[in-house]
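Enquirer: Letter by letter, the chains look like this.
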Amino acid sequence: MDISESRIEILRGTLDLLILRTLLFGPSHGHAIAQHIRAVSDDVLQVETGSLYPALHRLEQRGWLSSDWRHSDKGKRAKYYRLTRAGHRQLVVEQSRWEQLTEAMARVLASEMRS
Amino acid sequence: MSFLRRLWRFMRLPFDWKRRESDLEEEIRFHIAQETEELVARGMGPREAALAARRDFGNVTRVRAEVRDTWLRPSLRDVGQDVRFGLRMLARDRRLTVAAATGLALAIAANTTAFTLVNGILLPDLPFLEPEKLVEVRTETPRGQRRMSEPDFEDLRLTTRTMSGVAALLEAPVNLSDTDLEAERITGVYATANLFAVLGQPPARGRNFGPDDDLVGSASVAAISHRLWQRRYSGDPDILGRAIRINGENVAVLAVMPQGMRFPDNSDVWLPRSQLVARELREGRHRRAFRVVGRLAKGTSVEEARAEVRNIGDQLALEHPETNAQHVLSLSRYLSGDRNSAFLLASIQGSVGFVLLIACANVANLLLARALGRSREVAVRTSLGASRWRVVRQLLVESLLLACLAGTAGLGLAIAGVRWLQSMTASFGMPFWMEFSIDHVELLFVAVLCLTTTLVFGLAPALHVVRVDFHDALKSGGRGLSGGRGERRWARALLVTELALTLVVISGAGMMMRSFLTLYGTERGLDTSQLLTMQVYLPPTRYAELDARVAFFRGLQERLDASHEIGASSLATEAPLGGGSEYELSLAGRAPIDGEALEVVHAVGVGDRYFETLGLSLLRGRSFEEADGTPGQRTAIVNQRFASVYFPDADPLGKRLQLLPRRRGPLHSGEASSDWLTIVGIAPDVPLSFSESVESRQSPMVYLPHRAEAQRFAMLLVRMTKDRPLVAASVREVLHQLEPDLPLYNVRSMDERLEHNWEEYELFGSLFAAFGIIALVLSTVGVYAVTAHSVNRRVPELGVRIALGASPNGVRWLVLRSVINHLTVGLAFGIAGALGLGRLLQHWLVGTSPNDLTTLVPAALVLSALAIVACLGPTSRAGAAATLAALRAD
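Which chain is which? The protein sequence lines are A and B, in order. This note's numbering puts the first residue of the first sequence at 3, with every later residue one more than the last. This note's numbering puts the first residue of the second sequence at 261, with every later residue one more than the last.
What the hints contain is simulated information worked out from the structure, not anything from laboratory work. Hints should not be assumed to be uniformly reliable.
As the list claims (entries may be wrong) - Below, a list of computed lysine to aspartate or glutamate pairs in the EDC-like style, where the Cα atoms sit at most 20 Å apart:
| # | chain 1 | residue 1 | chain 2 | residue 2 |
| --- | --- | --- | --- | --- |
| 1 | B | Lys-278 | A | Asp-18 |
| 2 | A | Lys-78 | B | Glu-885 |
| 3 | B | Lys-915 | B | Glu-872 |
| 4 | B | Lys-278 | B | Glu-326 |
| 5 | A | Lys-76 | B | Glu-286 |
| 6 | B | Lys-915 | B | Glu-859 |
| 7 | A | Lys-78 | B | Glu-859 |
| 8 | A | Lys-78 | B | Glu-326 |
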């Protein structure tokens, strides 16, 4: 099966949650974040760079991420993002909202199947 | 804190933009490099990998644009949200908004108007090259500030190294007459030839004065103002070289100055100093007649120049102790303003600043009250995740909106205020550099005011609200928060400040109005209606001798008396209430004791029909006659005050007196002054002048025959029996027949002449009064608001008191008492402030003093009465509301 066919376009608004969640493991640069999401989702979730970087900058603007320049493990200078305290709080808010949503979605879908 | 950090980041954005862009580039490059490496690791060729990585990244330009968008958008979006919400809140509390904005608008308008005045007078824009380099040098004498003498100036000019040029000038009105045009009198300036060079203002047409023009005997030339050129010579294109007659002499026009240039104040013609005929002004170091302006040399500071000028002055004092001992040369920036006006303007700006503070205190109190009412809302928003800073920002945005609203309205009012200022000052004959208009400086001022006021009145309530304990706010069940101790302290402090400042402003207004009324109501001692005054000036060339002057004035008076259009008329050296020359008095039979200072009296030279013209009849004795004032017939008339002071028990008629020129100050010596004069009449008292203190207005006066006193300046008084234009035309006609070159100038009714004595007081008094009224209204509103709020807050507590047996009146008293306490403290501070303000205004006070209780006490009473009235409503409600609360007792 061609991998690209099983990829799911990331829903609007969930990218923020994915980024915040990814950064929970520690500071990371944009490329690594995208890789991580792709890897952890077994290549199902494909993060478009065209939305990744605006999202990172937006989250930084809102004060949920902070950034600094460090040397990557291969010695190149890269911009590392890190969760701020507000980011941690936001992650909790977004994650619980997401859980509520999926739970509700699941319930609705299940009920349709029953009827 | 994150709000502040974000605000900071947003404000830094324009400066950070470059760095952010390059960071973004690097970030993207890194991403692509990383991707390439990964693809290579998976076995792709390096070139293919690079291409694939780039393709995979997508449209770099779009990513860049979108990222940039995120830098801008959230801040703007949040602010937009805040503004919309703020507008909604302001619209919801419409009454509060209108009250707060009106007060602020009035205060901002008053401040802007006052600032326009101060800016026009103290911070003028001189139309010269580098005006900040212009300085003025004066002589500080033990008796006050003086100008400089010509020899001192020449020494300064030779010695100075800190100034690249020094010019001396002397303003003198001159007669301007040309064959085909009516003679008129204009302001002229005699100056050293380098004046325009020092000012950095070359003529618009023609050539500048050259060094030759400084030599006595050089060709008679003049520079004229653009205004004179246009007005009198209809912009004659061949004006250069045209001969005009100045003081009866032909003078060639050398140059026309640029439009608007009328240095130093309202001049129309500039002449080289070498043409100054009044030689006496140029002789001797004690004749300090010249204004001296200089231009700082490149790279010299005012301080260096000041030090140098001081040294030169000290040197002069050593070399010429007889004239210069204890005289110091002082240097200041040109037009840095004299101290007295600076004090007055500072008091005006200060008190109007107080008015603004009062308005701010008011708005702060209103917002504080409302903010506490909103504590619950804030608490809910905070617990829903809004940061406290977000809440503070919201409140500040509301304050800013309010300030902008008030600022706009205030600007409109200020424009009206400045118009009023212009109309009030139109008759003042203001110098050319003094302009009252609203330009970019004033607009900037308004903007700064709005921002500052926002911070002043908005920050306190906002900060307070976020400090409130939200759990309490939520628990208190929606009744609104009762406000902690801190909040009450705030409100009280603001109220007390407000009351104190109001007292300062209204007592300032009171003192100025008192001075105005004193001047206005001065007993004039004569019927001033139908009295026309005008002036004649005889040029020094032909009228240097007393005989020539006497002959001229005799001819003039005869022709005037012969005319049927003109009523009774008389010449005089001064107008009534226009002052007089000072003399030292010595009385026959009373030899002055050695070393004792002689008493000073004022003398005025008057014509034979002077008292008849003024509508006065002598109390005793006779008027002057043809023979009076001629050798052998030296006579004088004294006023009643003189008679009662110097001859309390004797008949003054026939007694003799001697007037000696004062040995210091300007000498107005008439030839007769050292002769013995016989008193032939006693005149009723007419005040000497307006501007002196009340006591000196009833000073002893001596009238001398005009023909013995005839100077080149003369005042002509006419009691009009016909219409004024007809009378003025007839007098002009008579003068023209006698001497076509002479202009009749300053034709004014006596009442108009007197108005000059109080118009400044009228202007400044009205300003203070307007500020005082605004302050009173504002603080009345303030007292009302604070009391009403405090009553609302205390209803439960008062209810408990009633339940425990307090009477409704007792409860009312409780509320009233706290207002009275605040009032007392406020008045105490206010009185201290008012005394301070009085000190600043001291120079301007007439008929009152800074410590005058008759101004201070009524001011305090008015304020107290208004404050009490303002709190009566809320207080009486307190009783009823508390009773109800006691009954409901939740």
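Enquirer: Does each hint fit the structure? Answer for all of them.
Expert: Status of each hint after checking the structure:
1. The suggested pairing of B:Lys-278 with A:Asp-18 is violated, with an alpha-carbon distance near 27 Å, which exceeds 20 Å.
2. Taking the CA atoms of A:Lys-78 and B:Glu-885, the gap is about 114 Å. The hint is violated against a cut of 20 Å.
3. Restraint check for B:Lys-915 and B:Glu-872: the C-alpha separation of about 24 Å exceeds 20 Å, so the hint is violated.
4. Simply put, B:Lys-278 and B:Glu-326 have alpha-carbon atoms about 16 Å apart, close enough for the 20 Å limit, and the pair holds.
5. Restraint check for A:Lys-76 and B:Glu-286: satisfied, since their Cα atoms lie roughly 16 Å apart, inside the 20 Å limit.
6. Straight-line distance between C-alpha atoms of B:Lys-915 and B:Glu-859 comes to about 17 Å, which keeps the hinted pair within the 20 Å bound.
7. Among the hinted pairs, A:Lys-78 with B:Glu-859 is inconsistent with the structure: their alpha-carbon atoms are about 99 Å apart, more than 20 Å.
8. Distance hint between A:Lys-78 and B:Glu-326 is unfulfilled; the C-alpha atoms sit about 25 Å from each other, more than 20 Å.
Hints 1, 2, 3, 7 and 8 from the earlier list are contradicted by this structure; the remaining hints agree with it.
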